[in-house]
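Enquirer: Residue-level listing of the chains:
Number of protein chains: 2
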Amino acid sequence: MANKSWNVLVTGGAGYIGSHTVLELLQANFEVVVIDNFSNAYKGNDNIKPECLLRVEKLTNKTVTFIQCDVTNWNELKDVFKKHEFHSVIHFAALKAVGESCEKPLEYYKTNVCGTLNLLSVMRDFNVKRFIYSSSATVYGIPEKLPLVENMKTGDCTNPYGKTKYMVEEVLKDLCTSDKEWSVISLRYFNPVGAHSSGQIGEDPNGVPNNLMPYIAQVSVGKREFLYVYGNDYDTHDGTGVRDYIHITDLAVGHVKAMIYQKIRNSTGFKVFNLGTGKGYSVLEVIRAFEKASGQKIPYKIVERRTGDISASYADASLANKELNWQATKNIDDMCLDTWKWQQNNPDGYKC
Amino acid sequence: MANKSWNVLVTGGAGYIGSHTVLELLQANFEVVVIDNFSNAYKGNDNIKPECLLRVEKLTNKTVTFIQCDVTNWNELKDVFKKHEFHSVIHFAALKAVGESCEKPLEYYKTNVCGTLNLLSVMRDFNVKRFIYSSSATVYGIPEKLPLVENMKTGDCTNPYGKTKYMVEEVLKDLCTSDKEWSVISLRYFNPVGAHSSGQIGEDPNGVPNNLMPYIAQVSVGKREFLYVYGNDYDTHDGTGVRDYIHITDLAVGHVKAMIYQKIRNSTGFKVFNLGTGKGYSVLEVIRAFEKASGQKIPYKIVERRTGDISASYADASLANKELNWQATKNIDDMCLDTWKWQQNNPDGYKC
Numbered sequence: 001m002a003n004k005s006w007n008v009l010v011t012g013g014a015g016y017i018g019s020h021t022v023l024e025l026l027q028a029n030f031e032v033v034v035i036d037n038f039s040n041a042y043k044g045n046d047n048i049k050p051e052c053l054l055r056v057e058k059l060t061n062k063t064v065t066f067i068q069c070d071v072t073n074w075n076e077l078k079d080v081f082k083k084h085e086f087h088s089v090i091h092f093a094a095l096k097a098v099g100e101s102c103e104k105p106l107e108y109y110k111t112n113v114c115g116t117l118n119l120l121s122v123m124r125d126f127n128v129k130r131f132i133y134s135s136s137a138t139v140y141g142i143p144e145k146l147p148l149v150e151n152m153k154t155g156d157c158t159n160p161y162g163k164t165k166y167m168v169e170e171v172l173k174d175l176c177t178s179d180k181e182w183s184v185i186s187l188r189y190f191n192p193v194g195a196h197s198s199g200q201i202g203e204d205p206n207g208v209p210n211n212l213m214p215y216i217a218q219v220s221v222g223k224r225e226f227l228y229v230y231g232n233d234y235d236t237h238d239g240t241g242v243r244d245y246i247h248i249t250d251l252a253v254g255h256v257k258a259m260i261y262q263k264i265r266n267s268t269g270f271k272v273f274n275l276g277t278g279k280g281y282s283v284l285e286v287i288r289a290f291e292k293a294s295g296q297k298i299p300y301k302i303v304e305r306r307t308g309d310i311s312a313s314y315a316d317a318s319l320a321n322k323e324l325n326w327q328a329t330k331n332i333d334d335m336c337l338d339t340w341k342w343q344q345n346n347p348d349g350y351k352c
Numbered sequence: 001m002a003n004k005s006w007n008v009l010v011t012g013g014a015g016y017i018g019s020h021t022v023l024e025l026l027q028a029n030f031e032v033v034v035i036d037n038f039s040n041a042y043k044g045n046d047n048i049k050p051e052c053l054l055r056v057e058k059l060t061n062k063t064v065t066f067i068q069c070d071v072t073n074w075n076e077l078k079d080v081f082k083k084h085e086f087h088s089v090i091h092f093a094a095l096k097a098v099g100e101s102c103e104k105p106l107e108y109y110k111t112n113v114c115g116t117l118n119l120l121s122v123m124r125d126f127n128v129k130r131f132i133y134s135s136s137a138t139v140y141g142i143p144e145k146l147p148l149v150e151n152m153k154t155g156d157c158t159n160p161y162g163k164t165k166y167m168v169e170e171v172l173k174d175l176c177t178s179d180k181e182w183s184v185i186s187l188r189y190f191n192p193v194g195a196h197s198s199g200q201i202g203e204d205p206n207g208v209p210n211n212l213m214p215y216i217a218q219v220s221v222g223k224r225e226f227l228y229v230y231g232n233d234y235d236t237h238d239g240t241g242v243r244d245y246i247h248i249t250d251l252a253v254g255h256v257k258a259m260i261y262q263k264i265r266n267s268t269g270f271k272v273f274n275l276g277t278g279k280g281y282s283v284l285e286v287i288r289a290f291e292k293a294s295g296q297k298i299p300y301k302i303v304e305r306r307t308g309d310i311s312a313s314y315a316d317a318s319l320a321n322k323e324l325n326w327q328a329t330k331n332i333d334d335m336c337l338d339t340w341k342w343q344q345n346n347p348d349g350y351k352c
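Residue numbers (UniProt numbering), protein chains in the order written: chain A, 1 to 352; chain B, 1 to 352.
These aren't lab readings, by the way, just hints derived from the structure by calculation.
Every clue listed holds true.
You can't tell identical chains apart in this list, so a pair holds if it fits in one copy or across any two.
The list that follows gives simulated cross-link-like pairs (lysine-lysine, DSBU-like), each with its CA atoms no further than 35 Å apart:
1. K263 <-> K104
2. K104 <-> K78
3. K301 <-> K173
4. K104 <-> K271
5. K292 <-> K43
6. K58 <-> K351
Please take these sequences and the hints and turn them into a complete structure.
Expert: This is the structure we're talking about:
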């Protein structure tokens with residue numbers, strides 16, 4: 001299906017979603033160049049290539065080219081494009097913590113919006129016009145109804161992080177309207193969790209995890225005493241927030257499928273796909289599933305709602321199935337089991 | 001009212017609205033530093049200071065400091081802030097042609113959004129946190145009802161230009177939420193027209209004018225044969241589009257009032273004000289008013305609607321009246337008369 005000479009640039013390829021996607025790309029025989037600025041990735045002992053990519057190379061028995069580069073830096077980016085010829089770009093590089101985005105909005109807008117604009121300009125200058133964008137279900141704002149379908153209204157996001165994702169989608173739409181040569185796919189992720197089934201690569205958050213699953217994982221190995229559950233008075237079956245969790249490997253494969261779609265169909269224009277399982281799980285259900293997978297008790301405390309959190313969100317994922325021939329294959333038990341495996345093997349993430 | 005030692009940075013101060021605002025600032029005894037990248041301003045014979053600012057200096061008998069600088073350039077901007085201490089920043093520098101924004105969206109997002117983010121970051125680094133932003137009535141998108149009031153919904157803009165104005169307002173809101181020291185006023189302009197009553201400074205569009213009044217002005221002096229009227233089947237009293245035209249001097253004074261408000265009230269947070277007259281005039285009414293003011297016949301042709309144009313837009317300008325003690329003082333006849341005076345004196349703009 002894939003082709004040896006299809007060269008892909010992956011920005012932010014040393015991050016959580018990036019590294020898992022690189023693994024799937026290599027396994028599908030794509031040539032991969034990764035750029036990353038190490039803002040949220042561990043350098044490791046190699047001192048050149050991030051630890052997660054060394055592990056990806058070991059797992060795949062293939063090599064990936066790595067260049068330290070910040071997408072907001074015009075000159076650095078241009079040098080990457082001068083050195084390498086790309087057929088496609090998958091753009092993960094971004095800041096992603098919702099809470100932090102409220103404290104540091106300028107940093108979020110600069111990195112996520114201006115970084116993307118910078119990348120798109122350089123791509124245009126080098127006539128590389130296939131782009132896969134790392135979007136988010138947060139672009140739907142407060143859902144009017146569920147499940148979320150791609151043609152529903154976007155915007156009215158509740159935090160700067162979500163707004164950056166929304167703004168970039170608007171930029172991409174306008175870009176595709178102005179220049180019919182562009183082929184852009186925006187993938188709206190629901191809640192990526194889990195780790196590669198090898199237990200060798202996974203999520204390695206800096207500091208206190210912002211998301212449920214890595215927090216549970218740290219509680220499970222005794223790194224944190226309690227899990228905080230933010231609100232049990234939501235309008236859901238057990239009162240806790242409901243989300244559409246998706247296994248990171250399913251998500252990574254979604255990117256490969258999207259790229260193959262662009263390549264084989266020679267598609268142009270702006271397209272959007274939800275990447276989710278279509279099933280919602282409450283916080284309490286995730287806790288129970290993790291306890292089952294790990295055999296560990298996860299102590300938790302119910303605390304107040306967090307501002308900006310919505311009660312429930314899950315995808316209608318049928319469009320990706322129909323168009324990209326993609327669907328999630330792993331369930332909540334797989335997600336918990338692989339998280340647990342990764343966390344046990346790597347209690348301090350890549351630093352151990 | 002004003003104070004000699006109040007130093008104002010005006011970005012894009014060699015443009016149409018910028019130059020008229022600089023004139024009013026100087027007359028109110030503010031110290032003014034202008035930066036501009038000459039992307040839409042005539043350099044003139046001086047070769048250092050733009051022609052419009054030389055005329056502003058002559059009219060006011062005061063001097064303005066000028067520095068050639070691009071707001072998208074971090075190092076250039078930082079140098080300006082190193083050399084000068086500012087109390088307030090008024091930010092005009094932006095691309096502003098709706099049609100062009102559809103053809104070159106990346107340029108518009110980079111200049112208008114990333115340029116502003118760059119400026120805000122440098123301001124923060126130098127602890128300058130009073131900001132007046134050049135916004136637009138286009139942020140209201142397609143009006144649900146008229147007149148437009150500041151607390152109405154924004155977004156759903158019909159072109160990239162409008163989206164850049166909307167996005168920056170969102171950034172400014174988030175910035176003021178994250179850091180309570182900021183004092184930000186966003187001024188939503190309706191349709192600025194006319195020229196300084198001296199006939200010495202005015203609008204000097206590059207190439208074919210994008211807006212009605214400068215186009216009429218060029219027809220009036222024989223530079224163009226016909227005016228094109230885009231659609232006469234709108235749901236308005238004569239079928240042509242209705243807009244709230246505001247005299248450029250009224251608009252300029254609005255900025256001075258906003259700055260004085262920030263200074264005297266020591267206000268913080270994000271505030272928005274419409275700057276308009278509150279009255280709507282149709283295209284045909286503007287043509288008639290211009291014919292009356294100039295004594296010239298304005299030949300016109302009715303052609304198809306332009307995509308993205310809305311039928312009618314006018315302001316509720318009572319908030320600016322109440323809070324800023326500002327209101328428009330000049331009517332449509334003044335606007336046409338001053339445009340005509342400027343155009344007669346300067347048939348080729350500043351180049352003559």
